[in-house]
Amino acid sequence: MMLDLIAASLVVFGTVFFIAGTVGLLRFPDIYCRLHALTKADGLGLALVALGMTLKAESFGEVFRIVLIWFFVALASATCGHLIAAYARQADREGKA
Amino acid sequence: MLDPVSFSEASPAPVPAQVRALQLQERACKPPPRWPRFFITLLVLALIWGVLTEFRLDAMVFGLPAVLAGAGLVFLMPATPGWRISPSGAFRFAVFFAVQSVLGAIDVAMRAFSPRLPLSPGFRHYPLSLPMGAPRIVFLNTITLLPGTLSAEVEADEVIVHMLDTQADLAASLGALEVRVADLFSLSPQSENSK
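Each protein sequence line maps, in turn, to chains A and B.
For the first sequence, position 20 matches number 20 in this note's numbering, and the numbering has no gaps at all.
Adding 1000 to a residue's 1-based position in the second sequence gives its number in this note's numbering.
There may be inaccurate statements among the hints.
Facing chain B, from chain A, some residues (calculated, C-beta under 7 angstroms) [stated by the list, open to error]:
{"hint": "1", "residue": "ALA7"}
{"hint": "2", "residue": "ALA8"}
{"hint": "3", "residue": "SER9"}
{"hint": "4", "residue": "THR15"}
{"hint": "5", "residue": "PHE17"}
{"hint": "6", "residue": "TYR32"}
{"hint": "7", "residue": "CYS33"}
{"hint": "8", "residue": "LEU35"}
{"hint": "9", "residue": "LYS40"}
{"hint": "10", "residue": "ALA41"}
{"hint": "11", "residue": "ALA50"}
{"hint": "12", "residue": "GLY52"}
{"hint": "13", "residue": "THR54"}
{"hint": "14", "residue": "PHE64"}
{"hint": "15", "residue": "ALA76"}
{"hint": "16", "residue": "GLY81"}
Just so you have them, the derived chain A footprint on chain B, three or more residues with Cβ under 8 angstroms [unchecked claim]:
{"hint": "17", "stretch": "1047-1055"}
{"hint": "18", "stretch": "1091-1104"}
{"hint": "19", "stretch": "1132-1145"}
{"hint": "20", "stretch": "1150-1156"}
Just so you know, these hints were derived from the structure itself, not from any lab.
Just so you know, even glycine gets a beta-carbon here, dropped at the ideal spot from N, CA and C.
Chain A extracted, bound-state conformation (with noise of 0.2 angstroms):
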């Protein structure tokens, strides 16, 4: 019971991060603010869900695979993060140029 609260919380309050992330989307002025906002907002959000989840887990092969996927996804949206900033950075140089 009192396990259910805390999960139930955990996600809650990942949910709260996932919306932040999107209302960050779509406030912030340019891309690389909005690249924040996903990298960082949805990558705790989605930590959160995770962490909630693994209390509910029934096995360990449950609790490593959702541990995996957050593994994934961490690494996932900090490296798209930068090779999106990356590519902004030069179609901004050729759009100049």
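Once you have looked at the hints, place chain B on chain A.
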């Protein structure tokens, strides 16, 4: 442009970032030869796939070719130097990583929800002093998780960082991260004392 604060404090004479990176490079271990690397990769990838699919046989249709392709790539690619990871350094890095990613997410969420939209974004340069390979990749990827910073581009031995607020102290936050990454790969005992 800013001076790197973290490393020059502890050493008697300030060492240029590039020289220091070369010195640290020598600390890298030799990679294992080809065939052991191939089999280690095969084993690790097969285990990951197995756990992800609960060792179901029908999932092997996709898993087996992917595992073989991954291990084959490792066999064909030139070996990258291995790095020794310090267990206590890894623990301190994990704590730092967790705290900073929570602070970073809260910071950006507050800015997104704030009616005034408090942003003064811009780019700043920061010299890279960590050696090429794993330490530098970990450093660049973690910059994006710190509050208000995003690693945007690498030019020669500098990283161009996008900041949500250019008034924030970039040298202090990236310097702290540099110390933690060096600690993770047991690279610089002297920077431990300055912390």
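Hints versus structure:
1. ALA7: At 18 angstroms from the nearest chain B Cβ, ALA7(A) fails the 7 angstroms test, so the hint is violated.
2. ALA8: violated, 19 angstroms
3. SER9: violated, 15 angstroms
4. THR15: Check failed: Cβ of THR15(A) comes no nearer than 12 angstroms to chain B, outside 7 angstroms.
5. PHE17: OK, holds: PHE17(A) within 7 angstroms of chain B, min 6 angstroms.
6. TYR32: OK, holds: TYR32(A) within 7 angstroms of chain B, min 4 angstroms.
7. CYS33: holds, 5 angstroms
8. LEU35: Given a least distance of 6 angstroms, the restraint on LEU35(A) holds.
9. LYS40: Holds - the Cβ of LYS40(A) comes within 7 angstroms of chain B, reaching about 5 angstroms at its closest.
10. ALA41: Because about 5 angstroms separates ALA41(A) from the closest Cβ in chain B, which is inside the 7 angstroms limit, the hint holds.
11. ALA50: Result: violated, 13 angstroms to nearest chain B Cβ.
12. GLY52: Status violated, d = 15 angstroms.
13. THR54: The hint is violated - THR54(A) has no Cβ within 7 angstroms of chain B, the shortest such distance being about 14 angstroms.
14. PHE64: holds, 5 angstroms
15. ALA76: Not OK, violated: ALA76(A) not within 7 angstroms of chain B, min 10 angstroms.
16. GLY81: Given a least distance of 5 angstroms, the restraint on GLY81(A) holds.
17. 1047-1055: With 4 residues close enough to chain A, the hint holds.
18. 1091-1104: holds (count 3)
19. 1132-1145: holds (count 5)
20. 1150-1156: With 5 residues closer than 8 angstroms to chain A, the stretch 1150-1156 of chain B meets the three-residue bar; holds.
Checked against the numbered hints given earlier, this structure breaks hints 1, 2, 3, 4, 11, 12, 13, 15; the rest are met.
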